[in-house]
Amino acid sequence: MIVNKPTVIIYTRDPDEDLLREICAGIEEEGVLYEVHSGKGDMDTLAYEAAKDSMLGSGIGMEGRRIAMQMARLPKGKNVFELNDPRFWQCRNLGSNSARAVKKMPFKPIYTENGEMSL
Amino acid sequence: MKLIAGVDIGNSTTEVCIGSVGEDGSFHFLSSASRITTGTKGTLPNVHGIKAALMEAMDRIRQPLEALDLVRLNEAAPVIGDTAMETITETIITESSMIGHNPSTPAGAGEAEGYLIHLENIWKGKPGVPYIAVAANKFSYEEVAARLNQHIPELDIRGLILQADEAVLVENRLNRQIPIIDEVRHIERVPEEKLAAIEVALPGTGIRMLSNPYGIATLLGLDAEETKAVTPIAKSLIGKRSAVVIRTPNGNIRENVLPAGEINFHGTQEIRVNIDTGADTIMDSLQKAGEIRDIDGQQDTNVGNMLNRIKKSMTDVAAEADHEARITDILAVDTMAPVEISGSLAGETCMEKAVGIAAMVKTKHLPMQKIAERLEQELHIKAVVAGVEAVMAALGSLTTPGTRLPLAILDMGGGSTDAAVLEADGGVRTTHQAGAGELVTMLIQTELGLGSRTTAEQIKKYPMGKVESLFHMRLENGSMQFFEESIDPRYYGHVVLLAPGEMLKVEEDIPMEKILEVRREAKRKVFVRNAIRALEKVAPDHDLRKIPNVVLVGGSAEDFEIPEMLTEALAEYRIVCGRGNIRGTEGPRNAVATGLLMSYLSSR
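Quick note, the sequences are listed as chains A and B, same order. As numbered in this note's numbering, residues 29 to 147 make up the first sequence, in order. As numbered in this note's numbering, residues 968 to 1571 make up the second sequence, in order.
These are computed hints drawn from the structure, not numbers from a lab. Keep in mind that a hint or two might mislead.
As the list claims (entries may be wrong) - In the BS3-like style, the derived pairs of lysine-lysine whose C-alpha atoms are separated by at most 25 Å in a straight line are:
#  : chain 1 : residue 1 : chain 2 : residue 2
1  : B       : Lys1320   : A       : Lys136
2  : B       : Lys1105   : A       : Lys136
3  : B       : Lys1207   : B       : Lys1195
4  : A       : Lys33     : A       : Lys131
5  : A       : Lys136    : B       : Lys1472
6  : B       : Lys1320   : B       : Lys1202
7  : A       : Lys136    : B       : Lys1481
8  : B       : Lys1433   : A       : Lys131
9  : B       : Lys1207   : A       : Lys131
10 : A       : Lys131    : B       : Lys1481
11 : A       : Lys132    : B       : Lys1207
12 : A       : Lys106    : A       : Lys80
13 : B       : Lys1433   : A       : Lys132
14 : A       : Lys106    : B       : Lys1320
15 : B       : Lys1105   : A       : Lys131
What the hints assert, rightly or not - Ranges between beta-carbon positions, derived for each pair:
#  : chain 1 : residue 1 : chain 2 : residue 2 : range
16 : B       : Gly1554   : A       : Arg115    : 38 to 48 Å
17 : A       : Arg115    : B       : Glu1159   : 30 to 40 Å
18 : B       : Ile1477   : A       : Asp42     : 56 to 66 Å
19 : A       : Phe116    : B       : Glu1159   : 53 to 63 Å
20 : A       : Glu63     : B       : Glu1480   : 28 to 38 Å
Unchecked claim - Computed footprint of chain B on chain A, listed as stretches where at least three residues anywhere in the stretch have a Cβ under 8 Å from a Cβ of chain B:
#  : stretch
21 : 45–57
22 : 106–112
Here a beta-carbon is modelled for each residue, glycine too, at the ideal position from N, C-alpha and C.
Isolated chain B, as found in the complex (with noise of 0.2 Å):
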């Protein structure tokens, strides 16, 4: 009897598959183990996790390593992935003039327009003027409501701005019913003697008078031309609870459409594509333009830039491997990121449109036989090179309950998707497409805001809930889970990630619907869109419907919502499709390391 292991090196995780092969040819698995990839995949510090992981497996079934008989690598696709992100408008104000954000407590409702006048100055305000009048946090409450009680009977006085959080407790003691808006941090950019507008929503709404450019003349005064200028502030400003617009003769305001280049497809035909008209109408470009040799963008463009980007850090790591590294696959997603204006008062951000792009770069064969070599050193056991990773893939899939051939396998993991059918004769058809995990995550980030890529990703791969007492919290679902002790207070009112083991807490301030639309947003973005293009290229004809099962694989299909988009999106075509479960006990896991272990029982 031999012990025989196969195993997969990806670009996350190390795994291995340990079997047994009797004389007569039976075959029994036996044991199975996971790691982190150690190093870059394809690179020699892998040997380190390898080791780790056939120790670990090995042990289950209490043996030393030395038993192995033979250890067998997949040979790696050599593609590796990165993302970049590009915002293509932008919003600047030259001269500070607009004020709108979501201050927790603003005070009074409604709208007002007036002169800016400084609380120290207010004693020289005229009778007949309309002000509106600004507080910085040198006065408490109590004097900004008792200068402007003394001064009410004479002054028009009908709005306030001020700096500290102190809206309520003002409007409390104020003699006269005015809306106040609190929490502006720069208040000494507040220009005086302007004309300004100030719109408090009512509870439960958003403002309407500001965030509507007619809105705005109105309140202003504004003729067409102005109108026009103002739109963009109006846009930025839809949503908010409160905002403060101020007239500045010469303040400008606009909306840049930036330089976004063109990306050109060098394939069987030469086709250049706008950045700005929009991912669907790349992705068809990038479909007309063929068999792809490169692709590189305009020069000194965004476009441009972000694929040189992609290129240098992807030439960086295959470096020994490819002198040139060309890009022979892009996937673009439309999406919107929050980015902060440029002179704002409050730290305003406005949602600019952006466009993502996955790129896949493919090398020439990652020094697998090396690592192997080295294994067999440092091991003392065989180690051989064997089977391409897709073909493993789609052997290993097999091993799933109720597949049959034709079978296509969809392996989708951080970097790149891809897939694979297996033709009842034996014939192979493989594909690597650039866009999976990492993309959704840099979404995610993007849409949401998020200063950390960490809490991106977790928001990607765990579900949430929100804390609504000590003792129980809202799930996204909507049932409720509730607690024995009390729940730390720290978390209280937070929109928590449900982690094993522990409850992660999302710091910002976003609502757990939004969350919700924006993470299931990007999976379906990206692998939907994905699964479908992988699936056309492989299929007998290119037509999905020549494909009975799809079994879904790869880090990716452990994902807890993933795999049911992708059964749903799939049904359209009659296709079978499912998260895999190897060998009917490892889930999607280990298909190519059990693909080599079975790869190895045909070449006897």
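Bound-form chain A, shown alone (with noise of 0.2 Å):
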């Protein structure tokens, strides 16, 4: 696919709109533009996929409840940030920081509410 807009991909397949629209919030908060298409494959590949199609390096891969959040030139499958049917507040950090990636800002908790940050 060729993408010619700056923005914050995110490639889908079944995706839980309820989580869809929290990420979607959380880049639209930071001021990045993003765009949803439905893929295929599994969330490695659609994160992997969207990183590499994103004209800012930034991509989000989503199937069903599991989100992947991936920045370009990264290998497939070494996701940035991973969730598994995770809570609002989570899609909403997740969303944020596929923004921040492209501002180079440092990026929110994922995790832990406040906690330190484990991959």
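Using the supplied hints, reconstruct the complex from the two chains, each of which is provided in its own coordinate frame.
What follows is the structure, given as structure tokens:
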């Protein structure tokens, strides 16, 4: 797919719409544009392709209630963040982080509300 | 042939040096080692660290510890340093009336004034009255936007204050362009029905109206007297990206000047100086007072308590050596400290004036003889206390290539800065000055508002960089460093300190430029000032120009930028000054231990 707008790209397969809405809100609050397309393959592939196709080098893959954030030039499967059946605030922060990756700002915590992020 | 060890017990490290002396007087340095000093310098627990260091050094030349014939200890300088910080102004808000902070994503731009109204009461609003809406995080961004859109046709809504981080989300759904501030933690403390002014800065700039007393007066319609009262608010809002100022009839925001008190110098002359006159005046008065016997502060004032506290902690350390601790030197530096304003709505801080003071307490002789005796018992090797620390350091420093007599050394440690001049005829003058590495650490910690002293210590010690992508970082000198493997995302966007072998993350969100400025300024304030002060004391006729070369030794001489700062500053006086290189191999370490061996030769 050829993309020429500066956006964070989200590739989805059967996404949970509520979680997706939170992710988009997180990106929007950071003032970055995004686009959502449905794609093929597993979560790792969706995220990897999204980051690769994004002009900003930041993408998200979503399969049902599983979500991965990926950045361009990172190997497939080595996702920056992964969430499985997350809560709303985690999705919001994951969305923020995909935008913050573009803005070169420190990431928001995503796994525990105030503790360290662990990978 | 005899094997001899020189041992230097410092405040933070214990250094040893081993050499062999032939029957004909020929002499060779063989090995050296360094260990962390165990216990307070000059006390018996030091023995543990000495033994470990000796063992390490002997191991390097494949000899057992028993092969040693003599251990020579330094006569440690009986000075202990401590530091303290006291703010001399404070800002107090008695009725919540100000929000000024830096949310990462406020929305809209410009300023507005209006009466505060909570979103749940918006239906009570009257047409024709300007309003600023306030929404707690129980409302989603969609709800906030929907409710406001519903009322925008008939109500004059000019601004919005949000608790959640959703300013951009609400703005994108709103039918009218208004400034929006978000991330206001204590939204429940925002009073209703009061007149308030709100401002969001244009991207890349700070606010302009609310950081200006006349700007606040314009928006809130204040008279001259009220304008004077809001000046501290304006001051504390300088540089913010967004702000709210609320007009409360009895709202009381004031800048208090704390009773800072006076310092009394008991010297050749008795001199008192008020601490809020600033560091320069304090240091001038110190010099005027001549030979200092003791220094104390006015009772029940900040500085009085501060000096008492220093004395008390020193007395604890030096309890057995000296019953009464006397402060014989201080170094005062002006600084700013971010202090949280009591009564603020979003945890705002205000830069308050402060004075940092390093004080030095002279005790009687430290019980070095006891350490020597204990060492002799445990190792069955003869141990003697030989030579005054500063003299030994000067002797050892002479082994730096390119030096000659008369030679001055500056020993910059953690607690004190010591200087000595070794004349061509063997005469020596020494001095100890308060203020060194620990004061720098404290200045960095307070000026950057860091939670932990360890972080401040690390900022002092290591250069830094900012992780700009998962594959590269920009270093503080502007150059880029690239990585083959991606950097851990935890470091992404953060300032990191480049310690040997690892990266340390600075948790606080402070720009790299700011950290750099504070770090350099703190080092300059303490070390350049102290170097000149100390050298003037020991220089022939107190004239710096009569010292041809200065060798820097001690822990702080290993710093990556302090020696260069001093080289620059002293070049003004035509002094050759640089980091020592003991025996041409050791760098600025090991000067005292080396000097102890050299003095053995001359004493034979």
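*asked:* Going through the numbered hints above, which ones does this structure break? Give me the numbers in ascending order.
replied: 1, 14, 15, 16, 18, 19
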